[in-house]
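Hints given; two lone chains; assemble the complex.
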Amino acid sequence: MLLTDLQKRMYQGEYGPGFQKAIKMLIEYGEVWDADRLVNVHSAHTGLGGGDWLNEILEGVDQIRAVTTTHAGTVGSFQARKAMGVAENYLQGGEQVEKQMLDLCVPKGFIPASTCTPYLVGNLPTAGRVFSWPGSSGIIISNSIFGARGNRDAMPASMVSAITGLTPDMLLLKKECRYGEVLFKIEDLDMENLNEADYGAIGYYIGAVAETRNVVVEGIPQNVAFDKLKSFLTPQPVSGAVAMCHIVGVTPEAPTVEEALGHKKPEMTVKIGKKELKEGWESLHTAEKDEVQVVSFGCPQLGINEIGKIARLLEGKKIASGVKLVASTAEQVYTLAKRMGYVEIIENAGGIIVTGICIMGFPYGQLETPATTGATNSAKAASYQARSGTNIQYGSFEDCINAAIKGKWER
Amino acid sequence: MILHGKTVKKGQVEGEAIVSQLPFSYLGDLNPEKGTVAPKGHDLEGQSIAGKIFVFPTGKGSTVGPYVANMAKKLGNTPSGMICVDVEPVMAMVAIMNDIPMVHRLDQNPLEVISTGDYIKMDATRGVVEVINK
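Chains as they are written, first to last, in the numbering used here: chain G, 1 to 411; chain U, 1001 to 1134.
Hints are supplied without guarantee of correctness; some may be wrong.
[Unchecked claim] Covered stretches of chain U (chain G as the covering partner; in silico rule of three or more C-beta atoms under 8 Å from a C-beta of chain G): (1) 1007-1017; (2) 1025-1037; (3) 1052-1061; (4) 1083-1096.
[What the hints assert, rightly or not] Below are the DSBU-like pairs computed for lysine-lysine, each with C-alpha atoms no more than 35 Å apart in a straight line: (5) K24/G to K174/G; (6) K1040/U to K1074/U; (7) K185/G to K175/G; (8) K1034/U to K1134/U; (9) K1073/U to K8/G; (10) K406/G to K1040/U; (11) K1073/U to K1121/U; (12) K1006/U to K175/G; (13) K174/G to K1010/U; (14) K1010/U to K108/G; (15) K175/G to K24/G; (16) K1040/U to K278/G; (17) K289/G to K406/G; (18) K1034/U to K24/G; (19) K1074/U to K1121/U; (20) K1040/U to K275/G; (21) K338/G to K99/G; (22) K1074/U to K108/G; (23) K1074/U to K8/G; (24) K82/G to K1074/U; (25) K274/G to K264/G; (26) K408/G to K1034/U; (27) K82/G to K1073/U; (28) K278/G to K185/G.
These aren't lab readings, by the way, just hints derived from the structure by calculation.
From the three backbone atoms N, C-alpha and C, an ideal C-beta is built for every residue, glycine too.
Okay, chain U solo, but in the shape it has when bound (with noise of 0.2 Å):
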């Protein structure tokens, strides 16, 4: 399946999708030293978002977060890419500060076509994805 949406950051990449059905703020809800996601009762808890493209509705929360992810990136923790339904500025600068390849507003929710374990090819500079179903 090919997905078509805008551009939020510039790239290339691949790499297996975790998805979560929460808006997502890098303060609070990732553990930078680990690359895994911290609070309880969260629909990703304790899993590792590192590595891999990181598929969420939108951003919330402190305007810290590029920051924060700055600080995991160091250390490997940052996903290889995000997906967005529609991504909030402080996402944005998160992908932009930290070289993410980002997209959003796709022409179908990857909410719904997207699942964790799915392989994803993103030309995030032209906005096409490619779902790889598992």
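With the rest of the complex left out, here is chain G (with noise of 0.2 Å):
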């Protein structure tokens, strides 16, 4: 790999053991794919954890190179994981661990927005700009919606990005990895009318058919909500590993079919009907009981939007008592929903809205009264709630929030 003269000094330890041992990582990283140079890094966010990793990665480092966001747990978790109920015994050290991640880091430039949804707080990359993150769903949304160009980079690689500025330049940094590789065309379904969770269960059926290989979708109006691709794209690296989805006619690299998969014949074509979509409720609606503890939304955190309507079905209502109904956001989004009296509506009819915190692992187990069944619209929580053991319904908002004031699930 070719190494520009700054890049030479941080590889041989002048700039200390952090900044060669990061540079070292990204070229190891680089080399499985070819790639003969590291790039600059316009966008970064990266977690906190890895323990004493952590602390080695960042030995000697004064100031990170990156502008850089921090992921979902970093800051908050605490606070929301006692309001959510979470015994005492497991919050034990939570605070602590916080305050040491928070003191470690800010001095060195990391912004704690504590989010998995970074752009919707303000580190948005655009069109041709390299980001480095982790989250698979950010990575898609970014690629595929802004079109900024970045890898599913885990997040010991966001890591070392984020210390560097540096990544290397291979996979979908590069024009010709960009293209489709496999067509989805959606027939005889009336997307205008499918909900979130009808998104969420075809985009789980096309990961799991894609497997590492972009996508290219046909048949998706070109009016879409933003909401909804979220809940589109959110799960298709979670049944598979996709982190470029096109969608002909709304996405900025795909205005036809021909121009998103570059000219070539796709590997496969897949037919998305009513078969299909089917098939991906299925398999994330595993429950066996109709009995729902825990309704959780918010994976990726909450849009504005998203909670308005969260707001406008619990308005006047009461949630059922042995029920927790919990909205997770970012906390700037939730400063709004404050100011459009969201979070007063939700809380009124007896749900909690916290922020900062990943929700995807539910502490289902860890609760004061531990609870076994759960409810959500996400598709990536369900797979991966009931991957854990838990018993998932998976639906819309307006099924999830019916089933909160009911106690139970209504078939």
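Below, the structure is given as structure tokens:
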């Protein structure tokens, strides 16, 4: 790999052990795909986990080189977990861990947004710019909807990019690697009227078929709401590892199906109809019991319109006793929701709205009264929560809120 | 049988193979406290991948995977080596961060020519995999 003088000095340890370890990891990472250089990252985002590894990689790093926000779980999780009713023994030390993370990272320049939706709070890479983010949903959204360029960088990859301000020039950073490889044609489905859970179920089906390949989708209406696209794209790297999904007529690199495919034939063409939608639903709606103890929204964290929808559905209603309804968002969006009166409506109905936390792995077993049954409109949360053994109902905002009010799922 | 592939993470390792036909995510698919494969219906459900040479098609799922693998590694619950058909970036970082020797893009499909229980000698630095059938 060809390194600039600055990069060589980092590699030789002139900037200290943290920069040296970080650039060595990026070079190893780049060599897997024969990258010939490292390029500047315009937008970084990363998590502060990794335990001892984090301390090692930050050794001697005074200031990180990329503009970097932090992922969900860095600030606010302790308060959120407390509000959600996590038992005292599981909360112990949580506040201190957060304080340590902040004390370590804020002086180095990490911006503690604590969100999985950096694009909702001002860290928004535009078309053609390079980003290095963890969070498979943010990655597929930034590549596909915004036309920015980034790979499926794992947590440690985005951390070393944040430190060095660099990433290997490979895979989805290159125009020729961004074209679609598998074509999905939506037929016989009323996409205008399908809800966000339907979009999620189709996305989940598509991810499993596409695996690591770039996707092109035909048949989604041009005026589709951003929130539905978020529900549609997020599950694709859950059932699969998709990081680029062109939607013909909607996303910037897909004015036509031919352009999205780079004027090549797709490896395969798959029809999406009622049968595929049903199959997607069935792999997510895995509950065996009708009881619902927890309803969770916000994987990825909710946007202001989604919170508005929850508030409208809960207005004047009461959540059944014994049921927890949790809505998760970013702190900045929460402030807006408060101003709009949404927070008050949700709280009056008995719901909880939390910030800064990831609710994908909801702590069912750690609650004061441990729970085993849940409902969500997030395909991603449904998939991961079911894999950890929870009885999961999957459905729309309406279905889930109905279950919260009744205390059980109505089929 | 000798297979040739491309390095993901350098290192030499040998051990027993365990083969899955499914893309893998360290978040969700591995129980890091036990080293076993968690989900119901997975083709390795309940089986341990710890200390073995794990052979599978590719990675998938959450980008937190390398941190989950890091937790598992501290408990001795990660594979000692990995072989993929074609790796994707999250799985590559699992190997790089946690120093697990790994190769991909072999000259034959490892899912077809390696079986669970085969003995593997792998030089990931050179990209050479020796398969000794059980």
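Hint check:
no. : hint               : result
1   : 1007-1017          : holds (count 3)
2   : 1025-1037          : holds (count 3)
3   : 1052-1061          : holds (count 5)
4   : 1083-1096          : holds (count 9)
5   : K24/G to K174/G    : holds (22 Å)
6   : K1040/U to K1074/U : holds (25 Å)
7   : K185/G to K175/G   : holds (23 Å)
8   : K1034/U to K1134/U : holds (26 Å)
9   : K1073/U to K8/G    : holds (31 Å)
10  : K406/G to K1040/U  : holds (29 Å)
11  : K1073/U to K1121/U : holds (21 Å)
12  : K1006/U to K175/G  : holds (24 Å)
13  : K174/G to K1010/U  : holds (26 Å)
14  : K1010/U to K108/G  : holds (32 Å)
15  : K175/G to K24/G    : holds (26 Å)
16  : K1040/U to K278/G  : holds (20 Å)
17  : K289/G to K406/G   : holds (14 Å)
18  : K1034/U to K24/G   : holds (31 Å)
19  : K1074/U to K1121/U : holds (24 Å)
20  : K1040/U to K275/G  : holds (24 Å)
21  : K338/G to K99/G    : holds (26 Å)
22  : K1074/U to K108/G  : holds (28 Å)
23  : K1074/U to K8/G    : holds (32 Å)
24  : K82/G to K1074/U   : holds (29 Å)
25  : K274/G to K264/G   : holds (28 Å)
26  : K408/G to K1034/U  : holds (34 Å)
27  : K82/G to K1073/U   : holds (30 Å)
28  : K278/G to K185/G   : holds (16 Å)
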